[in-house]
Structure formats: C-alpha cells, structure tokens
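Undergrad: Spelled out, the chains give:
Number of protein chains: 2
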Amino acid sequence: MDAESLEAASRPTMITSPDNTQLKLIRGLARKKERDKSGLFAAEGEDLVEAARLAGWEPEVLLRSGEDVEPDLLDRVSALGSGSRVIGVYRQRFSQPGGERSVYLHGAGDPGNVGTVIRCAHALADGPVVLGPGCADPFSPKAVRAAMGSTFARPPAKAGFEELAGTTIALHAGAENSLAEEMAGAEPPVALCLGGEREGLPPGVLEAATARARIPVRDDGPESLNVAMAATIGLYELARRMAPDA
Amino acid sequence: MDAESLEAASRPTMITSPDNTQLKLIRGLARKKERDKSGLFAAEGEDLVEAARLAGWEPEVLLRSGEDVEPDLLDRVSALGSGSRVIGVYRQRFSQPGGERSVYLHGAGDPGNVGTVIRCAHALADGPVVLGPGCADPFSPKAVRAAMGSTFARPPAKAGFEELAGTTIALHAGAENSLAEEMAGAEPPVALCLGGEREGLPPGVLEAATARARIPVRDDGPESLNVAMAATIGLYELARRMAPDA
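Protein chains in written order, with this note's numbering: chain P, -5 to 240; chain U, -5 to 240.
If you're looking for bench data, these hints aren't it; they were derived computationally from the structure. It is possible that part of the hints are untrue.
All copies of an identical chain are treated as equivalent in the list; a pair is satisfied when it fits inside any one copy or across any two copies.
Restricting the straight-line Cα-Cα distance to at most 30 angstroms, the calculated cross-link-like pairs of lysine-lysine (DSBU-like) are [as the list claims (entries may be wrong)]: (1) 26 x 136; (2) 136 x 27; (3) 27 x 152; (4) 18 x 31.
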C-alpha cells in the first residue's frame, strides 16, 4: 500500500445515504419532541462547533461536509437551510440559577429572542438566563443560532420565579420608576425579570417582584421594545452600576 | 333583494385563484429584484398593517383572509409562513439622515438585525437609521417583521458615511475608550456608526469617525455583540446622556 491508499483506508467511510442513522438523528432534532426524548440538540456551522469546543463540550456526533458526509446530504438535514459545512450534536445541559446579575424570562416564546438574551447575558452578566414557564426551547435550531455559541459558554437555567434569590426587578412598560432609578438602590444579587412580547409578565410575578421598572422610551416611539432589546438595556444598566470597570 | 343578498352583492368578489394579479404581486415582493423594480413591499399581519395605518400610510393593496381572498391562498403567498390574516402592500419610502441622535449601519447584512435597529431607533433616537453600503434591504419581509411597525413610523435613510453631520462615534470592540467615556464630551448631533457582524466597520470609516468607542463586555464573554444589541446599548447610553428625561 502506498501512503495515499493507506490514508484512504484509515479514513472513516463517507456517508452517502440519506437513510444514515446520524443524518436521521440530526433531522429529528429540529423537532422539540425529539430533542426532549433524546436530550440532544444540534449546532450548525463552524462558529458554533468551535464555540462548543472552546467551552469543552464533546460532540456526540460531528459531521463535516465533504469529509464525513456528502455535502448535499448535510445540506438536506440542515434546519437552518444555510448550507452548513459542519453540524455537531451535543447533549443538553442546564445551569443552576445564580450570579450577582442575571435575567429571568417568563413566557418568552420566540426562540430568536431567547437565544439573543443568552448571548447578551454571556456578554454582560455573570449568571445564566433563567427560563421560566412558557419560554421557547433554548436548544431549538433558531435559539442556538441566535445565541452564537453562548449556549455552550453559559447554558441557561430552568426555574420558576419563586426560585430566584435576592432582588428581583420586573421590567414593565407601565412602571412608575425608570430602570436607572430602581437600580440605584438595588441590593445584589439582582435578577431582571421580563415577560413575553405581548402578554408581559403575569400579575403574580409583577406583584411579587422586589420592584418594577420601565425603560424610558420616546413618547412618539413604539409601544414596547422586544424582549431581547429590553434585556440588553437592562443588563447594560445593571453592569454599568454594579461592575462599572467590567 | 333582501338585506343579506344586497350586502353580498356590494361586497367585492373574493379572490379564489392563485393566478390572481395581486397574489402574484405579493409573492414577487419576497424577492429583492421585484421590490427594487416596483418600489413596493409587503407587510404581513394585523399589527403591521395597523402600524402602517396609524402612521398614515395608504396600502396599494390590502388583502384580508376570508374577506378579500381565500385563507389558503393568502397563506401560500406569505413570505413568513405564519398564516397571516392580512397582508398589505405599500410604496417604499426613505427618510433623510438627521436628528440629534441617529445610527449609521455599514455592511449590516442580516435583515433581522436591520429591522431590529429600526425598531430600537424609533424607541430611543430622534433620527432615522441611516443605511450605508452593504446593508440588508429594510423592506425585505424579515426586516419589516423585525421592525414591528417602526418602518412606517420612522422610515430608514440611505446615505454614505460622508453624508453624516456632526459627531460620528464608531462602535468598535478594539477601541480604547468605552462608550460612556467617549459620549461624555460628544457634541450633538451624534451618529453612532456600526459595522457588520463579522467584518466590523471598514478602516476608512473607523479612521474618519470623530471617535471610536467600545461597549464594555465581560472578559469571559463573547468576542462580540450582535449589531442590533450593540446599537441598542449605544442608543440607550446616548438617550441617557442627551435626553435623560425622555
């Protein structure tokens, strides 16, 4: 055997059938039911797979286009339809609520928003995003993509409002005081609480929170900010006050 | 004729053919080429159509599911696949750059980000979002949806960096000073300048800007924020300093 044949022989066989078990698994993980059943999720693209590696996550399956699988077949199992060159399958992990600064989401049903908040908390907070009832699955393809790798660096937590420790500040468009005013006297740890786009926080959470605060927007502005923007502003304000040198 | 027959006779005919011209027009507007050619765009859903109405925009076409068109046919021309109950077609409009506080985007290719920044500027700034070279079309279905109606209230502007007036602050992860530091002495009007997710701002814009500033993120945080989050934080900081009572 010459060197080239030797290399070819030691290389794993390229997947050429759409009925391959690993491809079927990835296709299935686009559905919540399959993710729940298997406890797995898929991450598409080199950036996400690299983020997983840097955060020390071992893939259960890793398929590279043109190396492990025919490019066309990998394209066809992509949930994002973006022609990913690599797809990794990982085991879902959740953190515990905690940290001096964190975010609690309640009824945030849009996966893109959930992912963006995970990204934002990774940048500005020391605690994980806590997902309460009615939130989108943080391991859905859209949420994982929006989080841009922060899912691996800072996995979200699953918990109810009553499990939050310390000061809870409910962001609420109808609140009397601004975020800056309410945060001036807030004792850490602080959890910012945000509701879904339309419904906002349920009355029980609004009442039980230590304080309620609004983000000042222009009178001629929109009625509300989306939950990802509101969380971004809240975390920035929190970081500015609690860790001005960070 | 009894009252019911009279009402039915005065009602416009329900569209029952997928080859209807108006349905074809809406389907075409999912493509940039058709939007450019016609100067039109589509907005899907009651919230957006209501936002257009409130901002005084007359639709060129307005199709309501079950009233003007068979529900199934309207579903099939939806670019967002969300089963919209109404789709409106409007003529594209652009604003002129201006205002005391505005955002300039350069190479922001993601339509969702462009739409989110339009929303955010509507909430926190008095000037329009200025779209420089390489930005996603603000009238694409995804951008219009992400802007949640702010496209109508505050249409974006199209202009190059050199057309911006006053102080230009380039948001740049590698900048020495923080946003808060650079903004302390900034003379209005101020335009925040942001580049695309990967490339950032081109060197020419970075150099030509009045100042460069970074948004402080945690050392163990992600390498960058997405452009919509960065713009949100920038506009919040700007509003906080320049219009603290807004």
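Undergrad: All the hints need checking, so say for each whether the structure fits it.
TA: To see whether the hints hold, each was checked on the structure:
In this assembly of identical chains, residue 26 and residue 136 lie within 30 angstroms of each other by CA distance both inside one copy and across copies; the values are 12 angstroms within and 24 angstroms between. Taking the closest pair of Cα atoms, residue 136 and residue 27 come within 30 angstroms of each other both inside a single copy (16 angstroms) and across two copies (27 angstroms). With identical chains, the CA atoms of residue 27 and residue 152 are at most 30 angstroms apart within one copy only, with a shortest distance of 18 angstroms there and 45 angstroms across copies. In this assembly of identical chains, the alpha carbons of residue 18 and residue 31 lie at most 30 angstroms apart only when taken from the same copy (14 angstroms versus 42 angstroms across copies).
In this structure, every one of the numbered hints holds.
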